[in-house]
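This is what each chain is made of:
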Amino acid sequence: MTEERSGANILVESLVRQGVEFVFGYPGGAVLPIYDALFDDERIRHILVRHEAGAAHAAEGYARSTGKPGVVLVTSGPGATNAMTGIADAFLDSIPLVVITGQVPTALIGSDAFQEADTIGMSRHCTKHNYLVRDPAELAATIDEAFQIAMSGRPGPVLIDIPKDVQIASALWHEGAPQRRNRYTPFVEAPAAEITRAVEMIAAATKPVFYTGGGVINSGPRASALLRELQAKIGAPVTSTLMGLGAFPADSEDWLGMLGMHGTYEANMAMNQADLIVCIGARFDDRVTGRLDAFAPHSQKIHIDIDRSSINKTVHVDLPLVGDCAQILDQLLTEWGGRNGRDLTEWKAKVEEWRLRKSLSFPRSELAIVPQLAVQRLFELTKDLDPIISTEVGQHQMWAAQHFHFFSPNRWLTSGGLGTMGYGLPAAIGAQCGNPDQLVIDIAGDASIQMNIQELGTATQYRLPVKVFILNNEWMGMVRQWQELTYESRYSNSYSDSLPDFVKLAEAYGWKGIRIENESQLDDGIRAMIAHDGPVIVDCQVSKAANCFPMIPSGASHTEMILHGDIVTGIMDDHAKALV
Amino acid sequence: MKIQKAASERHVLTVTVDNEAGILARIAGMFTARGYNIDSLTVADITENHSVSRITIVTHGPPNVIDQIRFQLERLVPVHKVVDLTEVGPYVERELALIKVAGTGEKRVEALRVAEIFRARPVDTTTESFVFELTGAPEKIDSFVALMRELGLVEVGRTGIVGMIRGATEA
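So the sequence lines, in the order shown, correspond to chains U and V.
So that you can map any letter, position 5 of the first sequence is 5 in the UniProt record's numbering, and since no number is skipped, the others follow by simple counting.
So that you can map any letter, position 115 of the second sequence is 115 in the UniProt record's numbering, and since no number is skipped, the others follow by simple counting.
In case anyone wonders, no lab produced these hints; they're calculated from the structure.
For clarity, every value in this text was computed on a predicted model and none was experimentally measured.
Positions of the beta carbon are idealized from the N, C-alpha and C atoms, including for glycine.
Hints may be right or wrong, so weigh each one.
[Claimed, not checked] Over the 10 Å line for every Cβ pair with chain U, so calculated as not near, a few chain V residues:
(1) Gly89
(2) Val92
(3) Gly157
(4) Arg158
(5) Thr169
[As the list claims (entries may be wrong)] No more than 20 Å apart at the CA atoms, straight line, and that leaves these computed lysine to aspartate or glutamate pairs for EDC-like:
(6) V/Lys2 to U/Asp573
(7) V/Lys140 to V/Asp39
(8) U/Lys512 to U/Asp501
(9) V/Lys2 to U/Asp574
(10) V/Lys5 to U/Asp293
(11) U/Lys348 to U/Asp275
(12) V/Lys5 to U/Asp574
(13) U/Lys350 to U/Asp523
(14) V/Lys140 to V/Glu155
(15) U/Lys512 to U/Asp523
(16) U/Lys358 to U/Asp574
(17) V/Lys107 to V/Glu155
Make a model of the complete structure from these sequences and hints.
Structure (structure tokens):
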């Protein structure tokens, strides 16, 4: 069937054709035609956020927890600029988003019109690709390509800017997939010779480590299953980046925990002493490597990544395998066949020695709940419910990564690359939309939660039973921690003054509010949170002075970890200060 | 603390791209955003239907950065192909320049004589000026401009280079 339809209508039909269930958005002048087309359309559910930043993060949470692309719809100018942080966040964490922005009418572009911004120019370097559509006849093919680009290769955000007149003007609409050439064909498989060489390197290693990342999650649940299968054959210990948690089960005896700046002692020591590192869908981020010239000095490195520009970007590797994690893990498994791996008893004994340092242990306090304990109890009391956890950014995020444990992919939503405070609440809302029957908890800090606190209203409106568990220490804890370590405890602007009463705030938005003030209330408070069938804020007041350890300070190597009992001096040299 | 700079080498890259709106901004902006250098950049469409453009970029950086530049370019959706001519080599590179020289008497005669040696062609003449057109490797144009400086140089316009692999096949 072919008929004449408006641009707005073609957009909606195209989204339906892509299987879009939810659009996270906020209306405004330059998207009114699209909102009108959505008005009586029951195929797509529009989630009205309270701020466009919330729309982008909600779409991220939806995408990360379901494996489907998140769709955002915002107006021109401030709508687009507000969404930009979430777009940049999705770009760094490789989250597939399709972002539709309204634009002023074609004839007004460049005239500094009302609510005009150069959305294409501003988003060019924080999107995988972007388009300004000037003719409704191009819309269907553009949207089709946008979804392909967002979802294939290294996933990421794609933005489509649609001027208002293009939404109103009409063009021919055809049933069926639009005709277009395929110009995006990322590498998926590695050449057989490289797979053979990789298997030889793995078979020869006596101290191998698997270092996995978000790429395993992005590749889909099959990649996690294949990772477990390959690991079972080889027996290598496994560590993961922040983004990769859940790909490998935390209850495996070969699980080392997270590596890097706040990673475990055993994970970082194993990386340092390994003779072979197999990097699977991770990118040697500065939070992982620490001081580059001292990073894993004794090892050969194999790097599996779908993005060739990740190879040799910061760390030189001996064998790059460019392709999709699941595909390459499958190739490796086939090539490995019935081989027997080397005897790793000695290596594992060494790992066991490092484990005995108990780097995640923490001192308890009689005066207050220590935040690590709060996360531990939250984990213990919710683990059987297979919850989805989101976080904001800061100390609470690292404590959650250390003390909450994951067994499956797509359960852990956090802003790793960009480190965006305010991510967790909207991400939890998006995840709850995509997983209506699952327990979704945002583990938050008192400072971060205020960055997108307006989204409480969104959860109320759509009856989304998300839980926000605030580790309230009345500080921007991670900033304070760095000021202690680097600036002789000169606490410049890191105290959370004038905090709201979170319980009253919850109630004002129609949420339930629970306050936990001491250890005796902790378990009951968490149980009450789970038992309530609507949204809940838990204001868990924790010890104010706790810091997040273990920690590799800026500019230090994996062997120079600070453990909780260590005495830390209060100043760093300029070279260390200059590192992020 | 002082800022450290790494040693670098010059590379010539050709980039074949879809000739779509904003492609130049996308490429030039990627260089700025990631802290890479552009010494020169030329672009023009090269197919009959104007759908494909060829961009020649001269850049410099340490070898690992040059590799990164290539991979980052390849990552852009409208980019079809990136060739590092310096790496693939041998290749030819040529640049075109227009050079305006004003003067009378002995200097004017000398300018014309030097132009002949360089095979620069006068494309505009008045009784007291020339505009020379000169094609060649960038060093040749540098030397010609240096000589003209003493002979009444008024202004110089240069295209930046285009480059191509030697021999019968496409790179």
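Hint by hint, here is what the structure shows:
no., hint, in the structure
1, Gly89, "holds, 21 Å"
2, Val92, "holds, 28 Å"
3, Gly157, "holds, 28 Å"
4, Arg158, "holds, 28 Å"
5, Thr169, "holds, 23 Å"
6, V/Lys2 to U/Asp573, "holds, 13 Å"
7, V/Lys140 to V/Asp39, "holds, 17 Å"
8, U/Lys512 to U/Asp501, "holds, 13 Å"
9, V/Lys2 to U/Asp574, "holds, 10 Å"
10, V/Lys5 to U/Asp293, "holds, 17 Å"
11, U/Lys348 to U/Asp275, "holds, 13 Å"
12, V/Lys5 to U/Asp574, "holds, 17 Å"
13, U/Lys350 to U/Asp523, "violated, 37 Å"
14, V/Lys140 to V/Glu155, "holds, 17 Å"
15, U/Lys512 to U/Asp523, "holds, 17 Å"
16, U/Lys358 to U/Asp574, "violated, 32 Å"
17, V/Lys107 to V/Glu155, "holds, 16 Å"
When each numbered hint is compared with the structure, violations occur for hints 13, 16.
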